[in-house]
Amino acid sequence: MAKDTVSIKLIVGLGNPGSQYEHTRHNIGVDFLYLLARKYSIDLRPEGKFQGILGRGSIQGNEVRLLFPTTFMNESGRSVAALCNFYKILPEEILVCHDDLDLNPGFMKLKFAGGLAGHNGLRSITANLSNTQNYYRLRLGIGKPPSKEVINWVLGRPDTNDQILIDNAYNTALDAIDKLFTDGISKATALVNGYKPN
56 MAKDTVSIKL
66 IVGLGNPGSQ
76 YEHTRHNIGV
86 DFLYLLARKY
96 SIDLRPEGKF
106 QGILGRGSIQ
116 GNEVRLLFPT
126 TFMNESGRSV
136 AALCNFYKIL
146 PEEILVCHDD
156 LDLNPGFMKL
166 KFAGGLAGHN
176 GLRSITANLS
186 NTQNYYRLRL
196 GIGKPPSKEV
206 INWVLGRPDT
216 NDQILIDNAY
226 NTALDAIDKL
236 FTDGISKATA
246 LVNGYKPN
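Going by our numbering, the residue at position 175 of the sequence shown is 230; the numbering climbs one at a time, nothing skipped.
Source of the hints: derived by calculation from the structure; they are not laboratory data. One should not assume that every hint holds.
[Stated by the list, open to error] Taking lysine to any residue pairs in the SDA-like style, the calculated list, with each CA pair at most 25 Å apart, reads: (1) Lys234 - Glu77; (2) Lys199 - Ser185; (3) Lys242 - Thr60; (4) Lys251 - Asp238; (5) Lys251 - Pro213; (6) Lys164 - Ile206; (7) Lys164 - Asn248; (8) Lys234 - Leu90; (9) Lys166 - Ile219; (10) Lys104 - Glu77; (11) Lys64 - Ser185; (12) Lys94 - Ile144; (13) Lys64 - Thr244; (14) Lys234 - Lys104; (15) Lys166 - Pro146; (16) Lys164 - Thr215; (17) Lys64 - Glu148; (18) Lys199 - Glu148; (19) Lys166 - Asn140.
Work out the full structure: start from the sequences and follow the hints.
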């Protein structure tokens with residue numbers, strides 16, 4: 056039973072800084088991070104030392120830091136590593152929230168470790184954490200583009216129908232974060248991975 060208990064000290068939302076990238080598919084992790092901050096009344100502010108927007112607060116009595124690296128996606132690991140080195144946070148104490156092309160909008164997966172699936176943010180984090188992939192990920196589906204224009208797809212905004220599916224999934228993901236701290240990783244994973252969009 057003890058193995059089911061996780062100690063998450065840092066939750067990272069991946070995206071790109073700048074108003075032109077707000078609410079794009081690639082910034083779905085950041086959007087979720089801000090919802091999480093609002094739910095738990097965690098104030099997010101720019102922190103130059105860590106090249107990101109950072110907040111500290113409590114989730115179910117556990118001190119947690121929330122981080123949006125403002126280095127641009129492909130350099131996210133610099134921000135994550137700087138913060139982890141300063142606060143002595145281990146890779147297995149990190150949860151990274153990010154967009155996922157391999158999942159349709161509204162679908163999610165919560166997992167530990169595994170491959171990078173071609174995601175530049177995860178690649179950067181892994182490289183800057185001494186090449187370890189042993190951190191948690193909340194994969195938030197954005198679906199594949201109808202053509203092979205991946206860059207335009209991820210930097211575009213979801214259409215109305217997809218956004219509704221994504222917004223509904225956020226609500227379950229927020230419940231899962233709560234469950235992660237109260238009931239452990241197995242129940243949180245079951246909630247996320249078992250979710251089916253309406």
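Hints versus structure:
1. Lys234 - Glu77: 28 Å, violated
2. Lys199 - Ser185: This hinted pair is violated, its Cα atoms lying about 30 Å apart.
3. Lys242 - Thr60: 11 Å, holds
4. Lys251 - Asp238: 21 Å, holds
5. Lys251 - Pro213: 18 Å, holds
6. Lys164 - Ile206: 22 Å, holds
7. Lys164 - Asn248: Distance ~5 Å between Lys164 and Asn248 Cα, so the pair holds.
8. Lys234 - Leu90: 16 Å, holds
9. Lys166 - Ile219: Measuring from Cα to Cα gives roughly 24 Å; hence the hint holds.
10. Lys104 - Glu77: Answer holds: Lys104 to Glu77 is near 23 Å, not above 25 Å.
11. Lys64 - Ser185: Between Lys64 and Ser185 the Cα gap is close to 19 Å, so the pair holds against 25 Å.
12. Lys94 - Ile144: With Cα atoms ~23 Å apart, Lys94 and Ile144 stay inside 25 Å; holds.
13. Lys64 - Thr244: Given that 25 Å is the threshold and the Cα spacing comes to 18 Å, the pair holds.
14. Lys234 - Lys104: Violated, because 32 Å separates the two Cα atoms, which is more than 25 Å.
15. Lys166 - Pro146: 14 Å, holds
16. Lys164 - Thr215: Holds, at roughly 22 Å.
17. Lys64 - Glu148: 5 Å, holds
18. Lys199 - Glu148: Outside the cut-off at roughly 30 Å; violated.
19. Lys166 - Asn140: 23 Å, holds
The structure fails hints 1, 2, 14, 18 (numbered hints given earlier, in ascending order).
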